[in-house]
Every structure is written in C-alpha cells, then in structure tokens.
Amino acid sequence: MNLKINWDGLGIATSLACAIHCIALPLLLTSLPLFGVNIIHNIYFEWAMILLAFAVGVFALFHGYKTHHKNVVPLLLFTTGFLLLITKQFFLTVEGYFVVPAVILIISAHYYNYRLCTKRKCSSPHHAH
Numbered sequence: 386m387n388l389k390i391n392w393d394g395l396g397i398a399t400s401l402a403c404a405i406h407c408i409a410l411p412l413l414l415t416s417l418p419l420f421g422v423n424i425i426h427n428i429y430f431e432w433a434m435i436l437l438a439f440a441v442g443v444f445a446l447f448h449g450y451k452t453h454h455k456n457v458v459p460l461l462l463f464t465t466g467f468l469l470l471i472t473k474q475f476f477l478t479v480e481g482y483f484v485v486p487a488v489i490l491i492i493s494a495h496y497y498n499y500r501l502c503t504k505r506k507c508s509s510p511h512h513a514h
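Quick note on numbering: the numbering used here labels position 14 of the sequence shown as 399, and the sequence is numbered without any gaps.
To be clear, the hints were calculated from the coordinates, so they are not data collected in a lab.
Beta carbons are placed, not taken as given, at the ideal position from N, Cα and C, and that holds for glycine.
Don't take every hint at face value.
With a straight-line Cα cutoff of 25 Å, these simulated DSS-like cross-link-like pairs (lysine-lysine) come out [what the hints assert, rightly or not]: (1) Lys504 / Lys389; (2) Lys389 / Lys451; (3) Lys455 / Lys389; (4) Lys504 / Lys455; (5) Lys504 / Lys451.
Distance windows between CB atoms, simulated [stated by the list, open to error]: (6) Ile428 / Gly481: 14 to 20 Å; (7) Lys451 / His426: 33 to 39 Å; (8) Leu477 / Lys389: 36 to 42 Å; (9) Lys455 / Leu477: 34 to 40 Å; (10) Asn387 / Leu468: 33 to 39 Å; (11) Leu437 / Leu461: 20 to 26 Å; (12) Val485 / Asn387: 33 to 39 Å; (13) His426 / Thr452: 36 to 42 Å.
Given only the sequences and the hints, what does the whole structure look like? Please build it.
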C-alpha cells in the first residue's frame, strides 16, 4: 500500500487549526480553566502549533518549489504569513490583527503551491491524461 500525503492540504489544515485555536477557542471555551484545562495562551502549546505549521509548510512548499514549479511566490506568501504569526506571540493584546492575515497568507501559499503543482503535473509530457 503506497500512502501519499497531500502536504499542502495538511498545511492548510494546520493553519486552520491554529486560527481556530487563536481566535475561536478563547471566545467559545473561556470556561476551560475552571476545569483545570488551560490551552488558551499556553506558551508551550502556542509554540508547538507554530513549529508544527512551520515544519509542514516548509516541507510542502520546498518540495513543490524544487520538484514541480520553481515559483517563489508561495514561499514569499508563507514567509510573510509566518513572520506575522511569530509577531503575534509578542503582541498578545492585539494578536487578532496578526493572526488573521497570517493565516490567510499561509493558506494562500499552500493553495497557490497546490495549484502550481497540479498544473505542472497536468502539463508534464510524462503525465498520462
């Protein structure tokens, strides 16, 4: 059994998970500390999510760049989004202003990378139609 992972899809999923954690979770689950659970503004959880998003993103985008399209736009979108994501860690009182554009840029990078990769595969002379 040959399992293929769609790394851009995984990157989009991790970016969405991060957005849900950063924006929706504090609004919906403010009672978690009453039950002894604290993942809202938990520094270790925050950095673990950021590192996971970084690892998946770098792997997916670099693979697409190197193997399929040689287009730097997805890398630039991801880098800009990721810098905003890291910046929000230092400005927690206004993190929404950084998280929303960061997630949009990171998801856009994965989507654009995916489109470039599938376009390249379809136009390749080695691809069977």
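Verification of the hints:
1. Lys504 / Lys389: Distance ~18 Å between Lys504 and Lys389 Cα, so the pair holds.
2. Lys389 / Lys451: holds (18 Å)
3. Lys455 / Lys389: Cα-Cα ~22 Å, so holds.
4. Lys504 / Lys455: Satisfied, since the Cα-Cα distance of roughly 13 Å is no more than 25 Å.
5. Lys504 / Lys451: holds (15 Å)
6. Ile428 / Gly481: 14 to 20 Å: Given a distance of about 18 Å, which is inside 14 to 20 Å, the answer is holds.
7. Lys451 / His426: 33 to 39 Å: Distance hint for Lys451, His426 holds at roughly 37 Å.
8. Leu477 / Lys389: 36 to 42 Å: holds (38 Å)
9. Lys455 / Leu477: 34 to 40 Å: holds (38 Å)
10. Asn387 / Leu468: 33 to 39 Å: With Cβ atoms ~36 Å apart, the hint holds.
11. Leu437 / Leu461: 20 to 26 Å: holds (21 Å)
12. Val485 / Asn387: 33 to 39 Å: 38 Å Cβ-Cβ, so the 33 to 39 Å window holds.
13. His426 / Thr452: 36 to 42 Å: holds (38 Å)
When each numbered hint is compared with the structure, no violation occurs for any of them.
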